[in-house]
Amino acid sequence: MRHFRTLLAHELRSALLSGNTWASAALFLALMGGIHFFALLECSRAPQPWTPVEATFRLFWLPLLCVLPLLTMRSFAEERRSGTLSALLTTPASTAAIVWAKFLAAWLTWAAFWCAFLAFPWIVQARLGTAGDQRLGDPATLFGGLCFVLVSGLLHVALGILCSCLTRSAALAALLTFICLLGLTAIGGAMESLPIESWSWLGWLREPAAHLRTFGHLQDFAGGILDSRPLVLYVTGMMLALGLSVLAVEGQE
Amino acid sequence: MSDAAPQPEAAVAAERLTKRYGSLTAIEDLTFSVAPGEVVGFLGPNGAGKSTTMRILSGTMAGTSGRASIWGVSVALHPAEAKRHMAYMPENNPLPEDLRVEEYLRLRARLKDVAPDQVDARVAKVMEDCDLVRRASGRLIGQLSKGFRQRVGIADAILAQPKVVILDEPTIGLDPHQILGIRDLIRSLRGRMAVLISSHILHEVEQVCDKVVIINRGRLVAQGRTDDLRRELLPHVGFTVVAKAAPSELAALCAASDPAAEVDAGTPVDGGWTRYRVTLPAGSPARETLAAGLMRAGLPLREIAEERYGLEDIFLAATRRSPADGRRP
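Just so you know, the sequences run in chain order P and A.
Here the first sequence is numbered in my numbering, starting from -12 and rising by one per residue.
Here the second sequence is numbered in my numbering, starting from 3 and rising by one per residue.
Don't read these hints as lab results, they were simulated from the structure.
Keep in mind that this is a model prediction, so the values were computed, not measured.
Do not take every clue at face value.
Covered, in the sense of this in silico footprint (three residues per stretch, anywhere, with C-beta under 8 Å from a C-beta of chain P), are these stretches of chain A [stated by the list, open to error]: (1) 60 to 66; (2) 85 to 92; (3) 314 to 322.
Just a sample of chain P residues kept apart from chain A, beta carbon distances all over 12 Å, derived [said to hold, decoys possible]: (4) 76; (5) 112; (6) 156; (7) 175; (8) 235.
Examples of chain A residues toward chain P, derived with CB under 10 Å [as the list claims (entries may be wrong)]: (9) 81; (10) 82; (11) 96; (12) 105; (13) 118; (14) 229; (15) 250.
Ideal Cβ positions, reconstructed from N, Cα and C, are used throughout, including at glycine.
All chains, full assembly: derive it from the sequences and hints.
What follows is the structure, given as structure tokens:
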């Protein structure tokens, strides 16, 4: 555990000093700022069935696909390329401690990005809103949306770490992560749009599909519904991805 | 790092170590040991399997069969405990470019279980020992010269005062001054730590090591103290003789001292003199009397000198012979 704390502190420090992190943060905030701006614009033109914050969160997949791969791509790939991972593995620190430290550092950075995004609705509310007007930045929606991206982020970041373990090239790791996240989001979206209920021959898929509807999870969280099923899905997915990461690192070294 | 455990017979032990990559055998049946406090040179031509062996011993690679142990602890069964007794500096000495030397050593000290209240003192001590204090302590590792990077690698290796230090080509790419510094540093570890060091600079190994282990094509071909190996692998003594004589005349004179003496065809040098190489069996009494015998015979003699066989000769002789000859209990 002492090694894990040491490694986590080192990873967080490295993330803080890395130009890659700051570039990713700038890209994330520019994307989210743009999305939020257009959502506000739409709302100002005509009444909408959703608030600007809800609309912004529904596009969570955009920063997920564009920014998260940049954040996780170097974690193992770069260390394997430079050989510093081998040097790290000669210490008594376990592979699991190394994987968990890198994962948690990346997840905390991802969480910090989303927390920074909260500044946008707050600024809008402070500049334009009137007291008690929750249309611009409903705290419950904000909190629920944030919970969703953080909980689903456990799986998404773990997938990024796993992809980074599989190659020595950071660019290839980013591409692999992008493909995995795209697949996961697309499957989640498809599970909601396909009329599985009406296809009797796909009856067996109904139950798993209910677990995988990513956008439904977002709506549930934003609506204040805390369903344990998505929690179990994302946490077990994260554990599986990290377990595979440990095996990948040990196998390759 | 507890000292309470009894000192094992071997600080490093490789027993019938084998590593295969598919059909390619990198090392096979490698058996050798390093005693506590001993400095051992690990030699072999390129591709002989030195780095593979060192990686298996350091726990960063699994062997296919056999047993590797560090301070009596199996590397495969108890990797974390084995790593507590050992430090390994890989061949290319990979270091994080974006950390300062002192920060890096602090991080490594914490990862190597140095007691928190000892970290500062240990880091200061190794930086002093490796001459890093004045010119490198506050600099980013990425800005350091090759020599200083090697020093940082060695400082990291001795940081936690391990029982065993494994250094893969620690002097590669260094200038003569830096090599001298690293040599002195390794010498200073003798008696305190068991050191297994691979190097292509044989003179370097001869200067520093108590014993050598020589492998070729993944198999052990010789191991032991340099003097013992010299006797075993080079069972003759050679003399350089510069004289004015025909080869047959010199051969006859040498045979008078020892019938087993051999004389080569000779190489003409200036002024009618010829340089010969005379070979005698190692234990020949003629070794002491050859020069006197040649002078007594009235041979015009300009020079006679006994050749000293260095580690290079031992290495060449060892790597030429069959690997099976090198296996010893």
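Hint check results:
1. Requiring three or more residues with a Cβ within less than 8 Å of a Cβ of chain P, the coverage given for the stretch 60 to 66 of chain A holds, as 4 such residues are present.
2. Requiring three or more residues with a Cβ within less than 8 Å of a Cβ of chain P, the coverage given for the stretch 85 to 92 of chain A holds, as 6 such residues are present.
3. A count of 0 residues in the stretch 314 to 322 of chain A with a Cβ less than 8 Å from any Cβ of chain P is obtained; the coverage claim is therefore unmet, three being the minimum.
4. Annotated as non-interface, residue 76(P) brings its C-beta within 12 Å of a C-beta of chain A; the closest such distance is 5 Å.
5. The Cβ of residue 112(P) sits about 39 Å from the closest Cβ of chain A, beyond the 12 Å cut-off, so the non-interface label holds.
6. No beta-carbon of chain A is positioned within 12 Å of the beta-carbon of residue 156(P); the least distance is around 17 Å.
7. The beta carbon of residue 175(P) is kept farther than 12 Å from every beta carbon of chain A, the shortest such distance being approximately 37 Å.
8. With a least beta-carbon separation of about 15 Å from chain A, residue 235(P) lies farther than 12 Å from that chain, consistent with its non-interface assignment.
9. Using the Cβ-Cβ criterion of 10 Å, the hint placing residue 81(A) at the interface with chain P is satisfied: the shortest such distance is roughly 8 Å.
10. This hint holds: residue 82(A) has a C-beta 5 Å from the nearest C-beta of chain P, less than the 10 Å allowed.
11. At its closest, the beta carbon of residue 96(A) sits 3 Å from a beta carbon of chain P; the interface hint therefore holds under the 10 Å criterion.
12. Checking residue 105(A) against chain P by beta carbon gives a least distance of about 9 Å; that is within 10 Å, so the hint holds.
13. Proximity of residue 118(A) to chain P holds as hinted, the smallest CB-CB distance being about 9 Å (cut-off 10 Å).
14. Residue-level restraint check for residue 229(A) is violated (minimum Cβ-Cβ distance to chain P is 34 Å; threshold 10 Å).
15. Checking residue 250(A) against chain P: minimum C-beta separation of about 61 Å lies over 10 Å; hint violated.
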